[in-house]
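**Q** Input sequences plus hints: build the corresponding full structure.
Sequence order for the protein chains is A, B, C and D.
Okay, so the first sequence: first residue is -8 according to this note's numbering, each after it adds one.
Okay, so the second sequence: first residue is -8 according to this note's numbering, each after it adds one.
Okay, so the third sequence: first residue is -8 according to this note's numbering, each after it adds one.
Okay, so the fourth sequence: first residue is -8 according to this note's numbering, each after it adds one.
There's no promise every hint is true.
Stated by the list, open to error - Rough simulated footprint, nothing fancy, chain B against chain D, three-plus residues with beta-carbon under 8 Å: (1) 131 to 145; (2) 246 to 257; (3) 264 to 271; (4) 362 to 370; (5) 411 to 417.
To be verified - With a straight-line cut-off of 27 Å between C-alpha atoms, the simulated BS3-like cross-links for lysine-lysine are: (6) B:Lys230 x A:Lys473; (7) D:Lys227 x C:Lys447; (8) A:Lys95 x C:Lys392; (9) A:Lys319 x B:Lys446; (10) A:Lys319 x D:Lys291; (11) C:Lys392 x C:Lys95; (12) A:Lys95 x A:Lys479; (13) C:Lys446 x D:Lys446; (14) D:Lys209 x D:Lys446.
As the list claims (entries may be wrong) - Estimated spans, in silico, between C-beta atoms of each pair: (15) C:Glu322 x B:Ala367: 34 to 44 Å; (16) B:Ser50 x A:Lys473: 34 to 44 Å; (17) B:Tyr487 x A:Asn478: 17 to 27 Å.
No wet-lab data here; the hints were simulated from the structure.
For clarity, every value in this text was computed on a predicted model and none was experimentally measured.
C-beta: ideal position from N, C-alpha, C; glycine also.
There are 4 protein chains.
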Amino acid sequence: MEPSLHRIQQIQFADQKQEFNKRPTKIGRRSLSRSISQSSTDSYSSAASYTDSSDDETSPRDKQQKNSKGSSDFCVKNIKQAEFGRREIEIAEQEMPALMALRKRAQGEKPLAGAKIVGCTHITAQTAVLMETLGALGAQCRWAACNIYSTLNEVAAALAESGFPVFAWKGESEDDFWWCIDRCVNVEGWQPNMILDDGGDLTHWIYKKYPNMFKKIKGIVEESVTGVHRLYQLSKAGKLCVPAMNVNDSVTKQKFDNLYCCRESILDGLKRTTDMMFGGKQVVVCGYGEVGKGCCAALKAMGSIVYVTEIDPICALQACMDGFRLVKLNEVIRQVDIVITCTGNKNVVTREHLDRMKNSCIVCNMGHSNTEIDVASLRTPELTWERVRSQVDHVIWPDGKRIVLLAEGRLLNLSCSTVPTFVLSITATTQALALIELYNAPEGRYKQDVYLLPKKMDEYVASLHLPTFDAHLTELTDEQAKYLGLNKNGPFKPNYYRY
Amino acid sequence: MEPSLHRIQQIQFADQKQEFNKRPTKIGRRSLSRSISQSSTDSYSSAASYTDSSDDETSPRDKQQKNSKGSSDFCVKNIKQAEFGRREIEIAEQEMPALMALRKRAQGEKPLAGAKIVGCTHITAQTAVLMETLGALGAQCRWAACNIYSTLNEVAAALAESGFPVFAWKGESEDDFWWCIDRCVNVEGWQPNMILDDGGDLTHWIYKKYPNMFKKIKGIVEESVTGVHRLYQLSKAGKLCVPAMNVNDSVTKQKFDNLYCCRESILDGLKRTTDMMFGGKQVVVCGYGEVGKGCCAALKAMGSIVYVTEIDPICALQACMDGFRLVKLNEVIRQVDIVITCTGNKNVVTREHLDRMKNSCIVCNMGHSNTEIDVASLRTPELTWERVRSQVDHVIWPDGKRIVLLAEGRLLNLSCSTVPTFVLSITATTQALALIELYNAPEGRYKQDVYLLPKKMDEYVASLHLPTFDAHLTELTDEQAKYLGLNKNGPFKPNYYRY
Amino acid sequence: MEPSLHRIQQIQFADQKQEFNKRPTKIGRRSLSRSISQSSTDSYSSAASYTDSSDDETSPRDKQQKNSKGSSDFCVKNIKQAEFGRREIEIAEQEMPALMALRKRAQGEKPLAGAKIVGCTHITAQTAVLMETLGALGAQCRWAACNIYSTLNEVAAALAESGFPVFAWKGESEDDFWWCIDRCVNVEGWQPNMILDDGGDLTHWIYKKYPNMFKKIKGIVEESVTGVHRLYQLSKAGKLCVPAMNVNDSVTKQKFDNLYCCRESILDGLKRTTDMMFGGKQVVVCGYGEVGKGCCAALKAMGSIVYVTEIDPICALQACMDGFRLVKLNEVIRQVDIVITCTGNKNVVTREHLDRMKNSCIVCNMGHSNTEIDVASLRTPELTWERVRSQVDHVIWPDGKRIVLLAEGRLLNLSCSTVPTFVLSITATTQALALIELYNAPEGRYKQDVYLLPKKMDEYVASLHLPTFDAHLTELTDEQAKYLGLNKNGPFKPNYYRY
Amino acid sequence: MEPSLHRIQQIQFADQKQEFNKRPTKIGRRSLSRSISQSSTDSYSSAASYTDSSDDETSPRDKQQKNSKGSSDFCVKNIKQAEFGRREIEIAEQEMPALMALRKRAQGEKPLAGAKIVGCTHITAQTAVLMETLGALGAQCRWAACNIYSTLNEVAAALAESGFPVFAWKGESEDDFWWCIDRCVNVEGWQPNMILDDGGDLTHWIYKKYPNMFKKIKGIVEESVTGVHRLYQLSKAGKLCVPAMNVNDSVTKQKFDNLYCCRESILDGLKRTTDMMFGGKQVVVCGYGEVGKGCCAALKAMGSIVYVTEIDPICALQACMDGFRLVKLNEVIRQVDIVITCTGNKNVVTREHLDRMKNSCIVCNMGHSNTEIDVASLRTPELTWERVRSQVDHVIWPDGKRIVLLAEGRLLNLSCSTVPTFVLSITATTQALALIELYNAPEGRYKQDVYLLPKKMDEYVASLHLPTFDAHLTELTDEQAKYLGLNKNGPFKPNYYRY
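**A** Now the structure itself:
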């Protein structure tokens, strides 16, 4: 494989091939196991748990519910929770000024008039703000959840109450998962012409079950690493039959989701699970990409002593210049208080490392998936597991040594902290703009390929978020624009600019 | 002009066209004015001044000098200063371990055996380490200075004493400048087959005067923004007749020269010129690229209150997330104690701004060239200029208000501080590797075009500098490399990775 | 009152006088209102809430419980929770190495043999480690809670199961509160000879009800600002009849509880309540004492833009030098996203300020008590209060503007985050050493006065915590000690040293 | 000696006793050696060197000079340099707003009318601003230098030209030193009634030669550690015959001179001498007092990896919480790139340590005097010393290893960087206020003892410097002042407050 391909894509390639092969061709209710995409179960397993202590055991699929306008074109846990969900949506609106601005600016022209969008994403208050924005821009939407755990039932209820056909609840079975997706696309008298996907399951479903639908579809907007990878594979195989927009690799998303967001969520995740003090603690961070950089900066600022491991000499040199000792994991594993993985790699922390850690060492993963720590190696008879809190396990060695394992090695920030609305706002705005772009693009601008968001739109997303900070952008004078050879409205940087 | 072209290149384009047009066709001694490239006068005007209080007024061109082996194939200020220069070179060697390692590793195979390199760069102790490394690798070298002020006479003397044909001294006239270059290439019985250039003047000279030389030349390695731009122009115009390597845009160079180096040199430059205290001072930094990021980080760490101006909304959003108020210059110009430009733009600080600054405000430029501050606008009769120290002018308004202008708006870090050897080591190592690559590349690998350094070599440069920090790189296991789809030896990232 | 007295003491003076005056002379069950000390209700109201969703409505006082050894000399919520509490204690032990070291070092000599300690503190896992350490050192203990909300029932159960006479549960009434204290001291055949108090309620009770007990009491160790103030008042009034040790003002406690702990808990408290993103947010911190310094440092590190208000010009100048704009609250109140009070003053944030804040502004208190924000002024008919989460209220203006008020203006870090065990370890170790010192002091060393912990013991507490960080202290040589005029074992600083 | 005395004082005690004993009773021209106080030669040896390349060999004592008004009551290097000196004074005035404010505020009332001040301090532009302020407040002044190297001749000339009887030049002999002092006090028809001293030499001289003068002297203001120590000794011995004000231990001076000033000057000193890059460098800082804290914070911010050594467990714990590994020097001595001493102790870096350092290790002292590094141990035959720059020596081991020793182990910040005017402004303002206070104090307020500056004046000095930062102090309301038990105008903190 050429070295010029993106590492992350390589990772997913390995994952996905396996997964697609495993996927059964026939889907029967409750007959499926382990066939939905990893991302559909991987995340958010706890973040939302506080909102849902429902003891109602009836499956939403077996319930008859109507919203106040008499519609029953939805399937949610409990339509009566709509009011609470509405409040959450209103709170979210206050931190998503860019979407609100889009509503205002674009409402007159209704740039999505005629758009029929089928969506499959996490269903949260922030998604609701996106959906209602798309509605305000003229679109009709139908929506399912991209993850069986992540739906906020109250928000789903609020959306259903407002007339959005939403099919999602927290704790879906795998069969429910596909049933919900199917209810979004398999509708009499309605056919989607745009897809908004997060993880690729919706796109996959349409490919498998309703390939003819693509004739009317103007484009796909995909948000996740996994989904983007699937699209590149389709494209490579010559099977992508509509243009697709990769919003995952836009600058704003990358820098925000990774660097800035992890800078905060590493602290939050560790505090909520362990109440530990950071000052003076010795920490090793495996990997000095954007995520690692964010983690290291935050912990250093809180007075931790941070060591870094890297395989890439350039990132390694950055770690040195940023003031971190670059070590091999083995060199410090006996002395550190915390081990954090952010590599995108597998088995970075092995059983051998775990055996050598000192008592009370905390082990967690901020990278991808749950492969970085070899958690499976800890499932051996001589070790005792003790669940001490939600998302916190003590793994106990025969000599009494305890390792504190967080989120069973899954992503700490998704499992044990919350993602700030502001970050989600950037993503949602990017999605909305990508939909508008693809929907309104003149024939021929986009072919049956995967596109990055045009830099100008990336810049536009950023500019929509500046008012949040009362930030005032400087405008080029004509003379300056000419001197720089730039258009006064951007784009301002070449594509390869590193930021 | 397409927005996808690099902004910096645009800048230089404007500059260069003008300059090339102005360049007279005939060069007589002392008859030339303003025709050498801007970069050849722009920098280093003071950094080296402490070593040179010579009162010897005789032009080196009129002196007869021989080194201890009897050679007179050089032209330096004073061959007797060789010993002092040798000590400086030895000191520099201690901070350039990568070149010393190259000498060791590659000496057996002499990868530059047969190479005849003509070079035109700043002549400093660090350059001397590079030249002597090239010599150790098998090359013959002839060298001129790329800047009329920047030569360290003692170092030039030491090189001449060691047998290197060096033609350079501090304080060359423009005519001297071209004469020196000519003495490097116009030699009987010796013709260069490699060019190492910094600013493009050497390349330009050969194009103008000895175009036939290019038949034997295997490649050009160019270090500067200006020179690289000239090469791209030649390439675009179909006039580039050999492969050229752009080492300016390598990751290590960019991040080190800009982010990490400016983080230190902004403090150093301000202290050496003004002895000011940073704590509590209000500073506005114009531009939040790598240079601006470095300046802001350093000043924030020293307790300054930093404001940022930007035209690019993405960089602007980064400034916000990094904790800086994003303003228009006008909003803060009355209150700030220091104004720093890092935009690559022109007239960022105008006379109007200067009029509104408060008494004692310090104004300086960390960006490019000397266009960012409209210094010319201060040359009006009602304002008094008072030189208070080397590189420090007080510009005095009729009401007594003084503005402290540093380096007359030229680059502060080149003019008023020194560049750490370690940074120069990275650049020099990159140059050496680029020369080896071009010289040894099989026919056909490189065409008559401008190339970026292959990422693998960028990573190699980085890896050669890790031992300086006693940094230990982790190696991928076979299993991990397979999982990531990477070669265990790199490259480890796709070309578009942002670091 | 002389200005040279400690500000904090002034505060409490005002509070306390009022309170003592109000205190009724006769205590009947459930007949008391507002008579317990503020500190006994002020704190911890939510931190522990996750452990206690008990629906058992029976008052512990009405239950018959026995531990496994048959003892019923205790009163806790549910003795059956002992096992869960024991696990929490074991976890805490791992972060309290100093107490564990004390157990080891001092166990042979049993320095508290014969000590009969009555204690009144928060009853948490950390307190349990302290109590069991005191036990291991030879003491007999009886214990009540110093706060009606803060008891961890499981921990109380575990202590009772281990044989400690503990009288405490979460959610005591005020009558319960005094009943529990009384049960600790009013015992047949047992009379305390040492008091460990936190808030002064226990001391107060003995003064009021059993003044004769002081004849046998060797000393009081008091931990809180409030309690210390009461003691100074007693001393001033000539009514203090035993020596008392003020452990509140020891260096380690002050710096840890305030600077280092708040540096972490401000972030934690804000995240847990609001999930906000810190990057780019504008924050005003009122007060730049140790608490304010900690808050400012943390928020600056996370990319917030921080303004500071101060009344003291020295602290103000420190804020300037540390890089914060010093403003009056009015100047920034319209633009900030967060207002944090850390002054120890009252009505720092007034209704007028609240009226001018922008929509979604977050308001919280890290200072003392709940006086800093004039919360009472928000209890007016035109404003709507909406409880959106535990500890989070939206106060809604008629025009729809919402202010996000945290913990109703009470202490954010106590209400909405947890205090790291490590900090509590320092306090607990200090308490243990103070008890040992007072109990073993030769006749005459301490008179009927309030004493600060001897600096040497402060240094000893610090030294006991260094192994946690694998920190290696340097020892003076004889020659150096002589040169400095110091004892090799300390104390190393004069009393007025500022650290 | 009791451990509760200040460490620094102990140091000086040892030094001073020796010195006083050595001091000969009779002073003949050029007959004295090693008898002036250490502080009179220790500092500033190079900072001012750039202004003085005079080749005039005539002793100022042998010159006949008159200022433009015909006065010859002064002795400076060259009265003709007055204009240049005046400009330096004007520049300094711009960064000393507090003194300028004092001139304005107090000029009407002339609080120093009648004061006859004899001063002995460093003679710099900042001192000139102080002297001219004292003059503006009504005082007559006569002045000598407290250090034989530190006088700026141009400034001395400017003061002489303005009519100040100044007796000082750069490069005085020891005999000159005392002669100058004598010329200040031994004047016909003029007798001082106030002393402003820095180092105690002036005070000492009057004690020895003109003890009767003390009858008219209202007080001494002393600035230095050494001088303060001498005063405490006199006081202890019952020989202090006037009140003295110790301005060295005021909060503003301590925190600024040490923490904030060293935070900047460590970087400046290292850059100016070595041009090194800080990023990635390993540094050990010996001592974590205010100076060490400042050094560590700065280097950490620049990307260095910092280790700390300490003898005091409390400071050690602070280092841990601030994110530094606490080590013994031996543990890291082989690996570090820089060793910085800030202990106030002696022989912290021994020959054994120096033998074990790696090649190119930089060694310097930010602490006190020149005792911290055992420089004497390097004066052995097998080691070669090579002066590579001003203040930079290479010490070369037989195997070629070089240690880079800065300022021969003297204070780096005084020797190799400059002290910001702003810091000096704080000190000068404090001195002026102390003079006013002592001069105007009602009989009996001050006895024959050493006093600390009243906290209120310390606060006043701080407040005078706030306008520099456009900092706006908040005022207490009457209600708040009452609540806190404070006077609205301060003082705001108890004396033991740690800041």
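**Q** Are the hints correct? Go through all of them and say.
**A** We went through each hint and held it up to the structure:
With a threshold of 8 Å between beta carbons, the proposed coverage of the region 131 to 145 of chain D by chain B is violated, since 0 of its residues qualify and at least three are required. Residue count for the region 246 to 257 of chain D with a Cβ under 8 Å from a Cβ of chain B: 4. That meets the three needed, and the coverage hint holds. Judged by the Cβ-Cβ criterion of 8 Å, the region 264 to 271 of chain D is covered by chain B as claimed, because 6 of its residues qualify and three suffice. As drawn, the region 362 to 370 of chain D meets chain B at 0 residues by the rule of a beta-carbon pair under 8 Å; below three, the given contact is violated.
Coverage of a stretch by a chain is defined here by at least three residues with a beta carbon nearer than 8 Å to that chain's beta carbons; for the region 411 to 417 of chain D and chain B the count is 4, and the condition holds. Straight-line distance between C-alpha atoms of lysine 230 (chain B) and lysine 473 (chain A) comes to about 26 Å, which keeps the hinted pair within the 27 Å bound. The suggested pairing of lysine 227 (chain D) with lysine 447 (chain C) holds, with an alpha-carbon distance near 26 Å, which does not exceed 27 Å. Note on lysine 95 (chain A) and lysine 392 (chain C): the hinted pairing holds, with a Cα-Cα distance of about 20 Å set against a maximum of 27 Å.
Between lysine 319 (chain A) and lysine 446 (chain B) the CA atoms are separated by roughly 23 Å; this keeps the pair inside 27 Å, and the hint holds. Between the alpha carbons of lysine 319 (chain A) and lysine 291 (chain D) the distance comes to roughly 22 Å, so the proposed pair stays at or under 27 Å and holds. Using a Cα cut-off of 27 Å, the hinted pair lysine 392 (chain C) and lysine 95 (chain C) is violated, with the two alpha carbons roughly 59 Å apart. Taking the CA atoms of lysine 95 (chain A) and lysine 479 (chain A), the gap is near 24 Å; set against the 27 Å cutoff, the hint holds.
This hinted pair checks out: lysine 446 (chain C) and lysine 446 (chain D) have alpha carbons roughly 24 Å apart, not beyond 27 Å. Simply put, lysine 209 (chain D) and lysine 446 (chain D) have alpha-carbon atoms about 21 Å apart, close enough for the 27 Å limit, and the pair holds. The beta-carbon spacing between glutamate 322 (chain C) and alanine 367 (chain B), approximately 38 Å, falls within the hinted interval of 34 to 44 Å. Separation of serine 50 (chain B) from lysine 473 (chain A) is about 42 Å and conforms to the stated range, judged on CB atoms against 34 to 44 Å.
Checked against the hint of 17 to 27 Å, the C-beta distance between tyrosine 487 (chain B) and asparagine 478 (chain A) comes to roughly 22 Å, which is consistent with it.
Comparing the model with each earlier hint shows violations of hints 1, 4, 11; every other hint is respected.
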